Amino acid sequence: MKKIPPRVAAVHDLACFGRCSLAVIMPVLSTMGVQVCPLPTAVFSTHLGGFANIVCHDFSDQMTAFFQHWRQEGIVFDCLYSGFLASEQQFAATEAFLAAFRDNQPLVLVDPVMGDHGRLYSAYTEALCRRMGQLVRQADVITPNYTEACILLGESYQEQAAAVPLLRQWCRRLCAMGPRQVVITGVPAGDSLLNVGYDSLSDADILVQKPLVAARYPGTGDLFASALLGGLLQGEVFARAIETAADFVSGAVALTFAAATPTREGVLFETALPRLIRSEEDENR
Numbered sequence: 024m025k026k027i028p029p030r031v032a033a034v035h036d037l038a039c040f041g042r043c044s045l046a047v048i049m050p051v052l053s054t055m056g057v058q059v060c061p062l063p064t065a066v067f068s069t070h071l072g073g074f075a076n077i078v079c080h081d082f083s084d085q086m087t088a089f090f091q092h093w094r095q096e097g098i099v100f101d102c103l104y105s106g107f108l109a110s111e112q113q114f115a116a117t118e119a120f121l122a123a124f125r126d127n128q129p130l131v132l133v134d135p136v137m138g139d140h141g142r143l144y145s146a147y148t149e150a151l152c153r154r155m156g157q158l159v160r161q162a163d164v165i166t167p168n169y170t171e172a173c174i175l176l177g178e179s180y181q182e183q184a185a186a187v188p189l190l191r192q193w194c195r196r197l198c199a200m201g202p203r204q205v206v207i208t209g210v211p212a213g214d215s216l217l218n219v220g221y222d223s224l225s226d227a228d229i230l231v232q233k234p235l236v237a238a239r240y241p242g243t244g245d246l247f248a249s250a251l252l253g254g255l256l257q258g259e260v261f262a263r264a265i266e267t268a269a270d271f272v273s274g275a276v277a278l279t280f281a282a283a284t285p286t287r288e289g290v291l292f293e294t295a296l297p298r299l300i301r302s303e304e305d306e307n308r
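All letters in the sequence shown, in the order written, are residues 24 to 308 by this note's numbering.
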């Protein structure tokens, strides 16, 4: 008898072109056998990088009404998953949402989306960075990229990251903020990218290294966090879930680089989705 798919509430924006946020989160998790219920923060005509005259519809005023309706209907989630939040109002609504749906102790994953490549995103201020620092304290799992880890810890960004032992200390410092499991993604290391994790539940360090390509694509963090979450909800241990996510993203990026499509269109992840499908033998392990 097949088990009921895990149900995730995803507090994210929707970029209708450019392969990031909900446009990649939903297909990735669905492929991994997870039901995704979006709680939209905003809808954009495209993502925010490489396009002009972007059209946006802000959903901040509707977020609370959406989740209150879910609450009235008795809907329960196995996981609460948040990403890019662009205003104080969205942070407040997300925190209220987490408080309203914690009764069954769902897994809480916060992807603290604030910046990349040493720079904050244009919507972000120091005040919003502090708000993100408060939000990660409520998470079980966080997935900052290297830039975001620097912001959360008050460290200076360097083009070539610190040595792995220091990054492992950073992971422990991030866990000390509240999360039980942390992975710092996309850490530059010569011709490689590192994913450095720590699982406080088993006191285990994790290091996964992948080749670096000469292009930067939007949405890779969303792809990684979603594949990681899918692995965890399938019952993978944290280290294995990091490997699953890193293998998927690295493979999808390699396919995209070989296709030489415009970087602003994002990663051709659709071709790589079959890599995430588990066999019946895997599910019975």
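No lab work stands behind these hints, which were simulated from the structure alone.
Here the structure is a predicted model, which is why all the values come from computation and not from measurement.
From the three backbone atoms N, C-alpha and C, an ideal C-beta is built for every residue, glycine too.
There's no promise every hint is true.
Derived Cβ-Cβ restraints for the label pairs, each shown as a range [claimed, not checked]: (1) Arg263 x Ser145: 14 to 24 angstroms; (2) Arg263 x Thr294: 20 to 30 angstroms; (3) Thr294 x Ser215: 37 to 47 angstroms; (4) Glu111 x Ser68: 35 to 45 angstroms; (5) Arg263 x Pro234: 16 to 26 angstroms.
Quiz prompt | Cβ separation of arginine 263 and serine 145, checked against the hinted range 14 to 24 angstroms | solution = Cβ of arginine 263 to Cβ of serine 145: about 36 angstroms, so the range 14 to 24 angstroms is violated.
Quiz item: Does the Cβ pair arginine 263, proline 234 satisfy 16 to 26 angstroms?
Solution: Holds, since arginine 263 and proline 234 (Cβ atoms, about 21 angstroms apart) stay within the stated range.
Exercise. Look at the Cβ atoms of arginine 263 and threonine 294 and judge whether their distance stays inside 20 to 30 angstroms.
Key: Since the Cβ atoms of arginine 263 and threonine 294 sit about 23 angstroms apart, the hinted range of 20 to 30 angstroms holds.
Quiz item: Measuring from beta carbon to beta carbon, are glutamate 111 and serine 68 in 35 to 45 angstroms?
Solution: violated, 24 angstroms
Quiz item: That 37 to 47 angstroms hint for threonine 294 and serine 215 (C-beta), does it hold up?
Solution: Since threonine 294 and serine 215 have Cβ atoms about 23 angstroms apart, the given range 37 to 47 angstroms is violated.
Checked against the numbered hints above, the structure violates hints 1, 3, 4; every other hint is satisfied.
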